[in-house]
Amino acid sequence: MSITKLADKINEAKAQGRTALIPFLPGGYPDREQFWKEILELDENGADVIEIGMPFSDPVADGPVVEAASLKCLADGIDLKWILAGLSDHRAKIRAGILLMGYYNPVLQYGLEKFAKDAREAGVNGLIIADLPYEEGVEFRELLAKYDIALIPLVGLNTKPERMDLYAKDGNGFCYYVSVLGTTGDRDSLPEEIKAGLKQAQEIFDIPVALGFGLKNPSQLESLEGLVDGAVFGSALIRHIDEGKSSAEFMKVWK
Amino acid sequence: MKKGYFGKFGGQFVPELLMPPLLELEEAMEKIMKSNEFQQEFTRLLKDFVGRPTALTHCANISRELGFNLWLKREDLAHTGAHKVNNTVGQALLTKMMGKPMLLAETGAGQHGVATATAAALLDLDCEIYMGALDVKRQSHNVRRMELLGAKCVPVESGTQTLKDAINAALRKWISAQQTTHYCFGTAAGPHPFPLLVREFQSVIGREAKAQFKEKTGELPYMVVACVGGGSNAIGMFHEFVQETSVKIVGVEAAGTGEPGCTNSAPINLGTPGVLHGMNTLLLQSEEGQILPSHSIAAGLDYPGVGPEHVHLHDIGRAQYGTVNDHQAMNAFQMLCKKEGILPALESSHAVAWVLENRKSIPKEANVIVNLSGRGDKDMDILEDYLANHAK
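Protein chains in written order, with the working numbering: chain P, 1489 to 1743; chain Z, 95 to 486.
Don't take every hint at face value.
Calculated lysine-lysine pairs in the DSS-like style (CA-CA distance at most 27 Å, straight line) [what the hints assert, rightly or not]: (1) K310(Z) x K458(Z); (2) K267(Z) x K1648(P); (3) K96(Z) x K1602(P); (4) K1648(P) x K96(Z); (5) K102(Z) x K1602(P); (6) K1605(P) x K102(Z); (7) K1683(P) x K267(Z).
Please keep in mind that the hints were generated in silico from the structure rather than gathered at the bench.
Isolated chain P (complex conformation) (with noise of 0.2 Å):
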């Protein structure tokens, strides 16, 4: 595994005229066992990528869904190494590139340097933290590329092209571009304005642009074609599985 595999991934989609699936799930939800079962069924059912989320008690970035999911694995006992331990166990059978999303606590105090290389040696190809803006995440960019692992940056409607600049300029795996100002969640309809942030950032980027928060149906992505070459979902894919339905039956829709 390497560093441009979050990138080969989604440009394999687009090599096949489709946008990149990126599906969102906390780590250890709806419960230990079928968090396991709902990864597999995820990535058997067209996930190019799948995004584990590392649950923290304060998630200033996420929406009441994801937030209320993340709680409840905390009160199940889900840990940064229960995470780690259950991907080692399971990566073998995972087709899609894995990243983990969370905040910055949580990792510092497991230990920056423990983590890349546990994180390494589980399959994870990037990271998402939520709270580490550019010029906080310098050092942890660097010690991450040693282990192959992508800090994935995120920007969005407010980032102005200079601070695109400067994420492009390390930029690996995929530029993960938010959709609102707000936080997670999905919504009816998307910002006009996001066509021209997209655009930016396709220009500035050498790397896939994928588009997330927000996201509820594919129909929200058809006008924006040739402008976003993956989808990361979450708040819906949690409420579906609420539903009792199956991760199976959602993919379905957005395949």
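Since chain P is already given, all that's left is putting chain Z on it; use the hints.
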């Protein structure tokens, strides 16, 4: 020193979507706050609206018992009843001059919420206050005050339903409302530049205290003491004295109910380094980095983190940080009521209690200034409950 850091502590650990408003705020601090127009208007508002300078009161009765001089810097006499208004008037004025129509804030005890709502009303800004649902219940009087002042108070039901969750909710709101809204952060904590911004507005406390004390005695005090939750009243008092190395500086954290292992609000004494609410600081947290619930009988101290400058002052040994439990604070509260005719906030009672508990280590004839950060009217329900349950 790295930008936005106090030694190893501070920084800007926020989602990228919050970087633009933080950079905008930094620029406003450089351009607007330094202008004569801002400074003149801020000074006028502090004098004519807030009621500054607040008094420096010598506690003659308690001093006789202690054998040294206890002085109180009377932020309880500021408009709205606490030091918070210094900061909110400053930030509201800045917001107005930045051309934004709305203030957003979090509050724990409710004092910052009331002070923000007050400043918003004065300067004709819309105002929305996030408050933990538990704090809404224990500080209902302040919720009513905020509403009377025209603010919308939003109870936060998630997490521990206290200040830390109110901050999370306010940060989330700020992400979506940043174009029209300034987040009026309530304490000298959070991501850069808030620790500097709040210190700038609160440092009037220490400047006045120093000048007033010098005028009365011709000297510097032996010691300055203040309670520390996030730490804004304390840094406001301490800043002017940090360079005066003869002056001892003492911050007082809340030890909760006091028994070993109890839930507390003392991250400098009992916490470990970590990242929360945009800053690298000391935190009450589990080994896995999950934030632990905090507790203090004083809602305004009930926070699992602390402003990064305090951690730095502790780290370099310039300030000492002690702890006081609920019971000790309550004793100090009653003593100040009965002996001096002053009803202090439970937060400030912690600072007074530290002096009473450490009286033997303070030299005779020494002069100790305690920052009385606010008045206790807001705490009447808690006080009555406590006294009813702990009657001898």
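query: Of the hints given before, which are not true for this structure?
result: none
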